[in-house]
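Sequences listed follow chains A and B, in order. Be aware that the first sequence starts at 1, since it is given in full-length UniProt numbering, and climbs by one per residue. Be aware that the second sequence starts at 1, since it is given in full-length UniProt numbering, and climbs by one per residue.
Keep in mind that the hints were calculated from the coordinates and are not lab data. Even for Gly, the Cβ is constructed at its ideal location relative to N, Cα and C. You may find that some hints are simply not true.
[Said to hold, decoys possible] Derived DSS-like pairs: lysine-lysine, alpha-carbon spacing no greater than 25 Å straight-line: (1) K302/A with K95/B; (2) K302/A with K134/A; (3) K5/A with K184/A; (4) K101/B with K302/A; (5) K5/A with K181/A; (6) K26/B with K321/B; (7) K98/B with K302/A; (8) K380/A with K400/A; (9) K60/A with K370/A.
[What the hints assert, rightly or not] Here are a few chain B residues that sit away from chain A, every Cβ distance over 12 Å (derived from the structure): (10) H45; (11) E69; (12) L73; (13) G128; (14) M138; (15) K216; (16) E225; (17) G270; (18) R277; (19) S360.
Okay, here's what each chain looks like letter by letter:
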Amino acid sequence: MNFPKSTDVIIIGGGLVGCSVGYQLAKRGRDVIILEMRNLASGASGRNGGMVTQLDGRDKNKEAILNRLNYTRENNKMLAGLAEELSYDFEYNRCGGIDIACSEEEWEYFKKLVPFQKEVGDEEVILVDKQQLKDLCSLLSDIVWGARYRPTDGTLNPFKLNIGFALAAKKYKAKVFTETKIEKIVIKHGTAIGVETNNGYIQANLIINAANAWAPLLIPEIDILPLRQVAVVTERIPELPVYSFEAIIDRQVIFGSTQQKSGNLLVGGLGTQARKREDHYKEDLSPYEIEGSTAIFNILFKGLGDVNIIRSWAGTMAFTADGLPCIGPIPQIQGLYIVAGFSNGMAFAPIIGKLVAEDLTQGKPSITLKPFNPERFYNKKISWPDSYNYTVLAEFLERK
Amino acid sequence: MEEVMVVGGGPAGLCAAIESARYGVKVILIDENDMPGGQLFKQIHRFFGSAQHRAGIRGYDIGNSLLSESEKLGVRVLLNTVVWGIFQDNFLGIKTEKETKILQAKKIVVGTGALENPLAFPGWTLPGVMGAGAAQTMMNIQRVLPGKRILMIGSGNVGLIVSYQLLQAGAKVVALVEALPKISGYLVHAAKISRAGVQILTSHTIVKADGKGEVKKAVIAKIDENFKMIKGTEKEIKVDLVCIAVGLRPLDELCWMAGCQFTYIPSLGGFIPLHSRDMETTVSGIYVAGDVSGIEEASTAIEEGKLAGIAIAESLGYISKKEAEEKKELSWESLRELRLGSFGEGRQKTKDLILKQYNSLHKM
Ligand SMILES: Cc1cc2nc3c(=O)[nH]c(=O)nc-3n(C[C@H](O)[C@H](O)[C@H](O)COP(=O)(O)OP(=O)(O)OC[C@H]3O[C@@H](n4cnc5c(N)ncnc54)[C@H](O)[C@@H]3O)c2cc1C
Ligand SMILES: Cc1cc2nc3c(=O)[nH]c(=O)nc-3n(C[C@H](O)[C@H](O)[C@H](O)COP(=O)(O)OP(=O)(O)OC[C@H]3O[C@@H](n4cnc5c(N)ncnc54)[C@H](O)[C@@H]3O)c2cc1C
Chain A
1 MNFPKSTDVI IIGGGLVGCS VGYQLAKRGR DVIILEMRNL ASGASGRNGG MVTQLDGRDK
61 NKEAILNRLN YTRENNKMLA GLAEELSYDF EYNRCGGIDI ACSEEEWEYF KKLVPFQKEV
121 GDEEVILVDK QQLKDLCSLL SDIVWGARYR PTDGTLNPFK LNIGFALAAK KYKAKVFTET
181 KIEKIVIKHG TAIGVETNNG YIQANLIINA ANAWAPLLIP EIDILPLRQV AVVTERIPEL
241 PVYSFEAIID RQVIFGSTQQ KSGNLLVGGL GTQARKREDH YKEDLSPYEI EGSTAIFNIL
301 FKGLGDVNII RSWAGTMAFT ADGLPCIGPI PQIQGLYIVA GFSNGMAFAP IIGKLVAEDL
361 TQGKPSITLK PFNPERFYNK KISWPDSYNY TVLAEFLERK
Chain B
1 MEEVMVVGGG PAGLCAAIES ARYGVKVILI DENDMPGGQL FKQIHRFFGS AQHRAGIRGY
61 DIGNSLLSES EKLGVRVLLN TVVWGIFQDN FLGIKTEKET KILQAKKIVV GTGALENPLA
121 FPGWTLPGVM GAGAAQTMMN IQRVLPGKRI LMIGSGNVGL IVSYQLLQAG AKVVALVEAL
181 PKISGYLVHA AKISRAGVQI LTSHTIVKAD GKGEVKKAVI AKIDENFKMI KGTEKEIKVD
241 LVCIAVGLRP LDELCWMAGC QFTYIPSLGG FIPLHSRDME TTVSGIYVAG DVSGIEEAST
301 AIEEGKLAGI AIAESLGYIS KKEAEEKKEL SWESLRELRL GSFGEGRQKT KDLILKQYNS
361 LHKM
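Just chain A, same shape as in the assembly:
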């Protein structure tokens, strides 16, 4: 395939979000080129837990809750028929998800949070006590106090979903170029006119930045932070009760899925040290992070101490002050759009792709994208701590 000189739409980033947006736009007749600096799913989309968590975070705040559920519920509906639509099985399993309380304090908080959630319209969430939780998942250790349980959460294979979107986009004539890095978005008289890449210049009518954690490197006015996370995977083990789970231990969010389709368990999260912003892009691993993640098996589960870890990795996702992505046109610049800042992409990427395409082709998405307006972070830089990890950022926001 010759490297093109011009096109209608350029999408920067071949992750789940870039490919989802690319698919929906191509399906609506736009000429799309997806440019990816490494390979498809080599960013966060190929390094995550595959958990479909409709309500991440523990905010007791109506707006924060609905700004997630309004989209993630639609996303769940969409996931149900998506394999058929894409003609690609991505191992979606609506197995349920548990957010575990590991201390009395958290449990007391859950007892207030869950009724509040129900009150603001989250009918689905269920408060389960220790015994009920152990009935759901007998593997859990005695550290648990109870959980917030959502039966419609689940897991999926993120590689396959990412590739499924890319293949479907290609069916609608989208082109994908890998190992093509955008060095610069070229702006002339207030209009974005093209991109400079290591393979040459391409002119375009519309440029969409879907580079997630890397997005602020191209548009520094938007306050998105890269946040490195680690995960480990065990060997295959016999079938266990399946849930995606989250918990907070040592003030660090740990996450995982008790079993993937292939039979491997995945966990991550414990042991990441604070590091400088630029070092969050480094995908190296320290042995202590592997030890930390491995320790989860002994802290949270019983009887899994002898299971072997077969793989481990680090990946970079995005972090924003309110936990929500930035979606919309960049202020003051024509022809430049951003869809980035995802820390919970499985529950958002499919539906957001659709809404963005509706926004760009019909001028109006079927659900408003207002809560994600990038203006809220435009040129409003917070002076974040110099060196950080998830815990440092969470504590910083709490103090503010």
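Based on these hints, arrange chain B with the ligands on the given structure of chain A.
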């Protein structure tokens, strides 16, 4: 911090440990098995090559003499211990039978050996399909005969020698198939099994393995010069074990993890960590030796291990540069001799290429 940690107790690792311990370096040797020696203890045949390089001696005898030497020199050996990672600044993650630990060493030698290449065909995941090396381990180490009627795939030295050992152990090798038009291992070995009645079928391949829950039969067929099956030549044979001997590749994950730079050389097994004449990789303080630095033989693994050991003793200040140069020259000379002849020459060329690429790089 430890002085030297050697990963893998095959001939390469053992010799690296012995050679550095000889000059007073404190060495820990780690192997995942319950006995060091790597492939050596499986090799019940007489080794080929020149007398100076222990030809005519059986593999396990070489193993035993290396073991007693390492013991005499005070090498600390950790068995049943897996090295699961090498990280920045020479940190190693190890897992013993009881615990996992993180250690740091001034120098690390990776002597992890090789991995057998798989071959995919319908039925290849059935119990009863295994690597020839695995069959050899079962037979010669664990003393279990893995099958009675055997189809061997591949006529390299591993395929030929393991066939002979299977015969010695009382099994019947029904056929040995080779995709190439000629036998690729040493003809002495091929002649030995031919004489014992094994039919060696060149330009042949396996089409599938069949059976419920385990291998009961296999289908083989003739192939043309483009390696395409010739229709109508399929033949069903009754076997309970299919052994795959289609080459080895370096077991190099630890080197990838450590950030070593690689080059791709198919004749040495694929991706090979670049290394200097002293066997040091592009990551300072990490050395390679033996099959992991390119698939060769025990004899070359021994010399490469020695080189790494001497170079480490030198860089830790246990011997002078002059003495080290003299010792290393002996090993280099040995390696040159070992890499002569129709089988060795190609290896010398590719090993020179690795050196050239290494030298043209800036050291990290
Ligand atoms: C360890 C870990 C666990 C996670 N667990 C979960 C989970 O269980 N559930 C969940 O929902 N979310 C999880 N996440 C978050 C989730 O992975 C992300 O929200 C999601 O993948 C974001 O998709 P994306 O396409 O926006 O980003 P990415 O997949 O990172 O895609 C961005 C792409 O842009 C490319 N790019 C960057 N700069 C350029 C450039 N200049 N030119 C060209 N291309 C460029 C990158 O190479 C990358 O491929 C996890 C993340 C991590 C790291
Ligand atoms: C059938 C057969 C016949 C052969 N015949 C001859 C012959 O006649 N003459 C000859 O010169 N050569 C012969 N060879 C080749 C020779 O055996 C090998 O080249 C040689 O053993 C390579 O030595 P090594 O030390 O590099 O690796 P190995 O001997 O394979 O030793 C590597 C060791 O490292 C251990 N290890 C690997 N990874 C880890 C880890 N992460 N943690 C802990 N331990 C680890 C392995 O378990 C193993 O014990 C033969 C090979 C085979 C298979």
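Status of each hint after checking the structure:
no.	hint	result
1	K302/A with K95/B	holds, 20 Å
2	K302/A with K134/A	holds, 11 Å
3	K5/A with K184/A	holds, 15 Å
4	K101/B with K302/A	holds, 21 Å
5	K5/A with K181/A	holds, 15 Å
6	K26/B with K321/B	holds, 19 Å
7	K98/B with K302/A	holds, 17 Å
8	K380/A with K400/A	holds, 15 Å
9	K60/A with K370/A	holds, 21 Å
10	H45	holds, 34 Å
11	E69	holds, 32 Å
12	L73	holds, 29 Å
13	G128	holds, 21 Å
14	M138	holds, 22 Å
15	K216	holds, 26 Å
16	E225	holds, 33 Å
17	G270	holds, 20 Å
18	R277	holds, 29 Å
19	S360	holds, 23 Å
Of the numbered hints listed earlier, not one is contradicted by the structure.
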